[in-house]
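Could you put the whole structure together from the sequences, leaning on the hints where they help?
These are the residues of each chain, in order.
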Amino acid sequence: MAKIVVDGNEYEVNPNNNLLQECLSLGLDLPYFCWHPCLGSVGACRQCAVKQYRDENDEKGTIVMACMTPASDGARISIADEQAHDMRERVIESLMISHPHDCPVCEEGGECHLQDMTLMSGHNYRRYDKKKVTHHNQYLGPFISHEMNRCITCYRCVRFYDDYAGGTDLSAQASHHHTYFGRHEEGTLENEFSGNLVEVCPTGVFTDKVFSQAYTRKWDLQTAPSVCTGCSAGCNITPGERYGSLRRVVNRYNSEVNGYFICDRGRFGWEYVNGEDRVQSPVQVLDGDSKEMSDDAISALFSKLAEGGVIGIGSPRSSNESNYALRQLVGEANFYPGIADDEHAINQLILKLHKDKAFHSPSVREIEQADAVFIIGEDITNTAPRIALAVRQSVRNKASELAELNNIPVWQDAAVRELAQQERSPLFILSNAASRLDDVAQQTFIGTCAEQANFAFAVAEALEGGTPAGLTEQQQKLLPEAVEALSNAKRPLIISGSSNGSIEMVQAAANIARALSGDEPSHLALMLPEANTMGLELLVGPEQELGAALKRCASGDVQGMIVLETDLYRRAPTAEVDNALSRAETVVVLDQMRNATTQKATHVFPVTAFSEQESTYVNYESRAQLSFQVHQSVTDARPGWKWLTNGNADINSIIKDCSDEAAGFGSLDGLVPRISQFVAGLKIPRQSHRYSGRTAMIANRNVHEPKQPLDNESVMAFSMEGMPAMKDASILGSTWAPSWNSNQSISKFQEEVNGELKQGHTGTLLLTEKTESGVPFQANQGEDASNSDRLTLSLAFQIFGSEELSARSPAIQKRMTDAYVALAPADAARLEISHGDAVALDGGAVAVACIREKISEGSCVVHCGAQINPHDLAGAVSLTKTSESLSGNGLSCLIVSDLCEESY
Amino acid sequence: MQKAWIEKMYSLIKDTLLSQVVTLWGVFKKLFVEADTVEYPDQQPYMFPRWRGRIILSRDPDGEERCVACNLCAVACPVDCIALQKGEMEDGRWYPEFFRINFSRCIMCGFCEEACPTNAIQLTPDFEMAEYVRQDMVWEKEDLLISGCGKYHDYNFYRVAGKQISGKDKGEALNEAKPVNVRSLMP
Numbered sequence: 001m002a003k004i005v006v007d008g009n010e011y012e013v014n015p016n017n018n019l020l021q022e023c024l025s026l027g028l029d030l031p032y033f034c035w036h037p038c039l040g041s042v043g044a045c046r047q048c049a050v051k052q053y054r055d056e057n058d059e060k061g062t063i064v065m066a067c068m069t070p071a072s073d074g075a076r077i078s079i080a081d082e083q084a085h086d087m088r089e090r091v092i093e094s095l096m097i098s099h100p101h102d103c104p105v106c107e108e109g110g111e112c113h114l115q116d117m118t119l120m121s122g123h124n125y126r127r128y129d130k131k132k133v134t135h136h137n138q139y140l141g142p143f144i145s146h147e148m149n150r151c152i153t154c155y156r157c158v159r160f161y162d163d164y165a166g167g168t169d170l171s172a173q174a175s176h177h178h179t180y181f182g183r184h185e186e187g188t189l190e191n192e193f194s195g196n197l198v199e200v201c202p203t204g205v206f207t208d209k210v211f212s213q214a215y216t217r218k219w220d221l222q223t224a225p226s227v228c229t230g231c232s233a234g235c236n237i238t239p240g241e242r243y244g245s246l247r248r249v250v251n252r253y254n255s256e257v258n259g260y261f262i263c264d265r266g267r268f269g270w271e272y273v274n275g276e277d278r279v280q281s282p283v284q285v286l287d288g289d290s291k292e293m294s295d296d297a298i299s300a301l302f303s304k305l306a307e308g309g310v311i312g313i314g315s316p317r318s319s320n321e322s323n324y325a326l327r328q329l330v331g332e333a334n335f336y337p338g339i340a341d342d343e344h345a346i347n348q349l350i351l352k353l354h355k356d357k358a359f360h361s362p363s364v365r366e367i368e369q370a371d372a373v374f375i376i377g378e379d380i381t382n383t384a385p386r387i388a389l390a391v392r393q394s395v396r397n398k399a400s401e402l403a404e405l406n407n408i409p410v411w412q413d414a415a416v417r418e419l420a421q422q423e424r425s426p427l428f429i430l431s432n433a434a435s436r437l438d439d440v441a442q443q444t445f446i447g448t449c450a451e452q453a454n455f456a457f458a459v460a461e462a463l464e465g466g467t468p469a470g471l472t473e474q475q476q477k478l479l480p481e482a483v484e485a486l487s488n489a490k491r492p493l494i495i496s497g498s499s500n501g502s503i504e505m506v507q508a509a510a511n512i513a514r515a516l517s518g519d520e521p522s523h524l525a526l527m528l529p530e531a532n533t534m535g536l537e538l539l540v541g542p543e544q545e546l547g548a549a550l551k552r553c554a555s556g557d558v559q560g561m562i563v564l565e566t567d568l569y570r571r572a573p574t575a576e577v578d579n580a581l582s583r584a585e586t587v588v589v590l591d592q593m594r595n596a597t598t599q600k601a602t603h604v605f606p607v608t609a610f611s612e613q614e615s616t617y618v619n620y621e622s623r624a625q626l627s628f629q630v631h632q633s634v635t636d637a638r639p640g641w642k643w644l645t646n647g648n649a650d651i652n653s654i655i656k657d658c659s660d661e662a663a664g665f666g667s668l669d670g671l672v673p674r675i676s677q678f679v680a681g682l683k684i685p686r687q688s689h690r691y692s693g694r695t696a697m698i699a700n701r702n703v704h705e706p707k708q709p710l711d712n713e714s715v716m717a718f719s720m721e722g723m724p725a726m727k728d729a730s731i732l733g734s735t736w737a738p739s740w741n742s743n744q745s746i747s748k749f750q751e752e753v754n755g756e757l758k759q760g761h762t763g764t765l766l767l768t769e770k771t772e773s774g775v776p777f778q779a780n781q782g783e784d785a786s787n788s789d790r791l792t793l794s795l796a797f798q799i800f801g802s803e804e805l806s807a808r809s810p811a812i813q814k815r816m817t818d819a820y821v822a823l824a825p826a827d828a829a830r831l832e833i834s835h836g837d838a839v840a841l842d843g844g845a846v847a848v849a850c851i852r853e854k855i856s857e858g859s860c861v862v863h864c865g866a867q868i869n870p871h872d873l874a875g876a877v878s879l880t881k882t883s884e885s886l887s888g889n890g891l892s893c894l895i896v897s898d899l900c901e902e903s904y
Numbered sequence: 001m002q003k004a005w006i007e008k009m010y011s012l013i014k015d016t017l018l019s020q021v022v023t024l025w026g027v028f029k030k031l032f033v034e035a036d037t038v039e040y041p042d043q044q045p046y047m048f049p050r051w052r053g054r055i056i057l058s059r060d061p062d063g064e065e066r067c068v069a070c071n072l073c074a075v076a077c078p079v080d081c082i083a084l085q086k087g088e089m090e091d092g093r094w095y096p097e098f099f100r101i102n103f104s105r106c107i108m109c110g111f112c113e114e115a116c117p118t119n120a121i122q123l124t125p126d127f128e129m130a131e132y133v134r135q136d137m138v139w140e141k142e143d144l145l146i147s148g149c150g151k152y153h154d155y156n157f158y159r160v161a162g163k164q165i166s167g168k169d170k171g172e173a174l175n176e177a178k179p180v181n182v183r184s185l186m187p
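Sequences listed follow chains A and B, in order.
Take 1 as the starting number for the first sequence in the working numbering and just add one per residue.
Take 1 as the starting number for the second sequence in the working numbering and just add one per residue.
If you are wondering where the hints come from, they were derived from the structure by calculation, not from laboratory data.
All figures in this text were calculated on a predicted structure; none of them were measured in a lab.
Do not take every clue at face value.
[Unchecked claim] Which residues of chain B face chain A? A partial, calculated answer using Cβ under 10 Å: (1) MET9; (2) ALA69; (3) ARG93; (4) SER104; (5) MET108; (6) LEU174.
Ideal placement from N, C-alpha and C gives every residue a C-beta, glycine not left out.
The structure is reproduced here in structure tokens:
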């Protein structure tokens, strides 16, 4: 610790940081623009000027930039000094010379860092009477609006987009006061994290286009802390609601999980919540006619279902509570996961590995700290995007190491990058086609799932000291490199997952991690396909398989089935599902959206979306997190567990029951805050203290204002009244602090910059007990089934389109590709298929042909989206050209590095 | 003894009777003065232009809606009686999809007018807003929007603001230079 003096007061600070960061950690108000807690310092904006004194006798002092000055022991500075204050005021005056006077029509207004800093610096009147510099805007795709006139050239956008997220299509152009931030030509911003520009930009250059369509000021949004259900990363988000509809999603800080950034699927994939495709009310379908059900009919139905003889199918996108309530209703033996059988087997293996002493499942923050990463088969950019962003940071650890050796502080961002140049921590990627992380990878290996698994097994064997046989020339070259990098690393990390449906890959990943584990468990991150796959898998045994459930149904053995938030046509072969659904007497489907399964149901019940319910989810590392209800549903939707318990439970009791009864969920109950924890038992308001229009919002319907809706179950209230969230940061929906209206106010809620939230909750790990210590898996030398006609098939995923619910959001749909089949140029030439042709897979499902350089010959990679049921496809397919065509965007939105668009 | 009684009577008359006479005289005098009260509603009083009465939404000198749905009036309102929703015209202008004032809550404080950055919302001298049915005191945009500029004749937000709308390109607002050519190396 170092002691510094700020304006005569002595503070203890961390000498490894800069003065600005430490001042903010201390809660002092010091304006800044270009510095960002995750991006470090570059000293571009000159806004954080403070006066530094040599010693206590120095009365003159010199002005320094706080962000570029180390918080060294004995430093004496003044923020309040008149000259320093004057400098900050003048700097912002010059930054504002060309600012366009359009705050009223700017989406950033009211949560604008520039507005806050202008007020804080004391500048209030534009004295410059010459003309303002103006710029043309660009079209940047369906997510982001561009308004370049508002720019103050802090360079944060390109530093995030290019340096942090690895984007290539946003750059700083021109020079001096003409500096322009945009693409080389108009077009969609390609990077998967482009949405973060909205939050990174201190003013309104990049704004949320989807939010703007039904724009609401920050203070008018009803918010609550929530968890993203887009993938298994479990990022924390803050959805905002106004006038009964969801308006936007922004990042919510969690030091262990997502930090300051979320992916575009999470940020823009929520529109389905307001969609017309939502199930509106509980209906019974009789001979094709649907009839709304009365309350009596509903309770009669559920009483009958509770008598037994019914099977239940749980959902990996449902909350723990709903899955648990269904398991309670149908009994453990009749409860099956809504997960394809091969994936289920892998997920159960992953659960087993979680309990193994040799492994530790790292959080996103821990992934960022890895110094060698080995990815086997999992296309994390598309299946768990936030993890890919973390891996991209991990390769920078080499740069930090070099900086330390050369006595350069790590926060000196530009200097560290200059020093490191292309030096990166090793990253190895085994994949079935080029991945979006290849640009920072040391080596990549492209092959079929079996080839990847075999190579990974070989790496494990070599790490154990063996000499693996049967490797190709390329593999023999790669092997020593990978072995050396992994064995030299202090914090190696192995990543794989279950989305490919290949259990060998996960076994091989476990073998490598086991070979690397010593006294400490080694880091093994195994991704799961959906938001609560882990939670569902904890509730079922390995022997409970969906296929078996469908068979029981088809045999007429059961009276009915309850399908909870599962579109069976995405989980099992179409024929099997058809057969089961047609034989079952009663098919009760509870879901948010209408889909192929709800169409075949006899009873359909609407369930609440993620923002309409309080619920818990478990992410890939078994971190259980509580997501609060943001707003009330405008339909008859209720949480799944509410229907399934016939209204006889509340959220607290169901979580308590789940915690007590279900194995592995013991610490779930601890997530729920109790009202007694808060001052005077006051609830936490969901609305800000400036929430406007309360006496007019619904006055058109009735001028006599109704009582605010009551929330008897939660510690949060649908009201402005109560104890504001700032007093208890563990329930922090929207951040706000006096003088800090923008999201930069987060530093006021952190223990220290980039630290945990004060009194904060980062979630609870469910699987902490390590009971087993396993043995390495045997490599399964399965021969490739491919021959000259049939191509070995593996699955591809897309950040936009592969997740079921977000794919129903209009903005996401504009970025989705049609179902495609990617194949190597040689195969395409042989089969006389050109890029963009429609092809039939085994004469059935239609997909667009996509010719890619980096794909192994004799194999193909199929992206299914919602257009193809992946379980109808065989392990190897034949491709034939067809005249049928798909109605979507084609391949125009496909962003991969290895397209060969020329025809054969 | 008697003298004291006379003095007492004198002071009594002086304090009570005399004061009544003086009051009566004052009232009597007013018979010949013009009355301050007016015969409302037959006679209408003169209302000052800056009187804070019925709220209107005005149009800019070009006849377009001035309100850009920035929501500042709503947030300034101490009784929260203004609710609106932002929409966007095809030409790029922001406008309120709906704009509602619940006059049964309004306290005519004028904070909304003070907060308005475009001079759209204005308070007028009209105070005759009584209704028999309270529901009728909820006014929508159609009821609030007038066809003129109200008190401020010249101001047009979009002529000043850098926001591009069709008919006014980048660089055409007040005090703006022509847009930069980023490919040029000229200073």
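Okay, the hints, checked on the actual structure:
Interface restraint check for MET9(B): the shortest CB-CB distance to chain A comes to about 64 Å, outside 10 Å, so the restraint is violated. For the restraint placing ALA69(B) at the interface with chain A, the shortest Cβ-Cβ distance is roughly 8 Å, inside the 10 Å limit, so the hint holds. The interface hint given for ARG93(B) is met, as the beta carbon of that residue sits about 8 Å from the closest beta carbon of chain A, less than 10 Å. Here the hint on SER104(B) is kept, as its CB sits about 6 Å from the closest CB of chain A, short of 10 Å.
With a least beta-carbon distance of about 15 Å to chain A, the hint placing MET108(B) at the interface is violated under the 10 Å criterion. For LEU174(B), the interface hint holds, the least distance from its beta-carbon to any beta-carbon of chain A being 8 Å, beneath 10 Å.
Going through the hint list in order, the structure does not satisfy hints 1, 5.
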